[in-house]
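Chemist: Below are the chains, spelled out letter by letter.
There are 2 protein chains.
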Amino acid sequence: MKPVPQKVVIVGAGKVASQIGNWLHRGGVEIIQLINRELEKAQSLAEEWSAQLTDDFNALHPDAEMVIIAVSDDAIGAVSDQLPKSDAVVVHTSGSRPLEDLQKHQRRGVFYPLQTFSAHAVVDFSRVPICVEGSDDQVEDALLNAVELWGAQPFRLNSEQRGSLHVAAVVANNFTNHLWGLSRDLLVKNDIAPEIVHPLMEATLQKALTNHPHDIQTGPAVRGDEETIRRHLEKLSGDATLHRIYELLTSSIIEKNRNAKL
Amino acid sequence: MKPVPQKVVIVGAGKVASQIGNWLHRGGVEIIQLINRELEKAQSLAEEWSAQLTDDFNALHPDAEMVIIAVSDDAIGAVSDQLPKSDAVVVHTSGSRPLEDLQKHQRRGVFYPLQTFSAHAVVDFSRVPICVEGSDDQVEDALLNAVELWGAQPFRLNSEQRGSLHVAAVVANNFTNHLWGLSRDLLVKNDIAPEIVHPLMEATLQKALTNHPHDIQTGPAVRGDEETIRRHLEKLSGDATLHRIYELLTSSIIEKNRNAKL
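Protein chains in written order, with our numbering: chain A, 1 to 262; chain B, 1 to 262.
No false leads were slipped in.
When the alpha-carbon atoms are kept at most 30 Å apart in a straight line, the in silico DSS-like pairs for lysine-lysine are as follows:
no.	chain 1	residue 1	chain 2	residue 2
1	A	41	B	261
2	B	41	A	261
3	B	235	A	104
Here chain A is said to cover these stretches of chain B; the calculated rule only asks that three of the stretch's residues, wherever they fall, bring their Cβ under 8 Å from a Cβ of chain A:
no.	region
4	160-172
5	236-247
In case anyone wonders, no lab produced these hints; they're calculated from the structure. Glycine included, C-beta positions come from ideal geometry on N, C-alpha and C.
Model the full structure from these sequences, guided by the hints.
Modeler: Structure representation (structure tokens):
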């Protein structure tokens, strides 16, 4: 592989595959081949990128310098095993699968964009962190260089760190999103327009991006306002799950605050 | 009181008092008096607003049309009792205290800005929802009109609804902020730059503002990815609190998803 690969093969035609492919294509990287089990789903992408299209993993393009496997976590191992050995660097794009899913390939890596993608909206990759790991230093450096040259934000993370990052991302995103949903349901149930909390949600996030969130914690728990906490739990008496979530997160805030003061 | 009060008295000199006062002052509303237990703390605000300053609650300005009590929740009842009866509409600015904290005053109301304020940054009140409740229709309409004319977002909410809103706001803001803090600690502990999750946090919020969050839930829980959940819980085995939070929120997402599919 040259310092930065110029000829890329993409495997998969889902959201991550199409967003990464579109980004590389916009940046002038040559996508020489698109491999997908179902040809029909991949047709328009292949045309857009002027890429050869195949459903035969054995037909991997001989000029490939980098193969990006952007398929669901469960399928990565099987796809990797079906691809022939080659000189290309073979990477997957998963935050939760180890490098060793690709062990068939001598030069392997991880190329994990930490962002949530929708199928169609154009993603601004200059704001996308891409976590990179390589089977050796040369591969890892090439991947880091590629991310930088292609204009995204490179981070060097080993598999262990990527595992921790994935947990942290679940906590910071999946769980917060779920809480926003529970909050919204509570508002609607009480005939309150859910938009009423939107400005506050935006302000809370902006503060959390520029401070340590624990340093700017507000609300009854951090104030030690037991009377309000008691009233809130009473309000939630009809909702066992949210009641338990309220109790647990309140005690976690109190605990964190106590430790911070020690 | 005229349809919209022109002469306002503010009680308190903390963040909420100063932000509301600054907003009204910028909008040309006359702040005729500032009442605060500690004169020194209120001096510069009074000068800025060209307001009379006193620490004597009995000396309430006779021209007052609206008295805004912007003090801590616990102090509202006592402040209300110390203020003399008058023709003014007396309001408090708390999301969690009932209208009846102000029962001494015949024309009373709630004027609750649902936003997080810092002491100094200029707040754009055009983006601030203000929840209004009045002791009678005339008072309530006047407060709604005032919010609208002064350029913020008026919402009519009774005390019961405001109680639910406060719970929902705690869930959507205090709890999410705490999760961001826990997530950040986890990253730092694993030598990962915490900024790595910032773009994802921003994208997650943007999606949650334009969809029902439950409809766009992502992550291992909603995918039913038990293998990843197991691995994440293993990673958290050294952190009892976060382990419990992970378990509880994961099962809540699974439960919500199951109910949605019924």
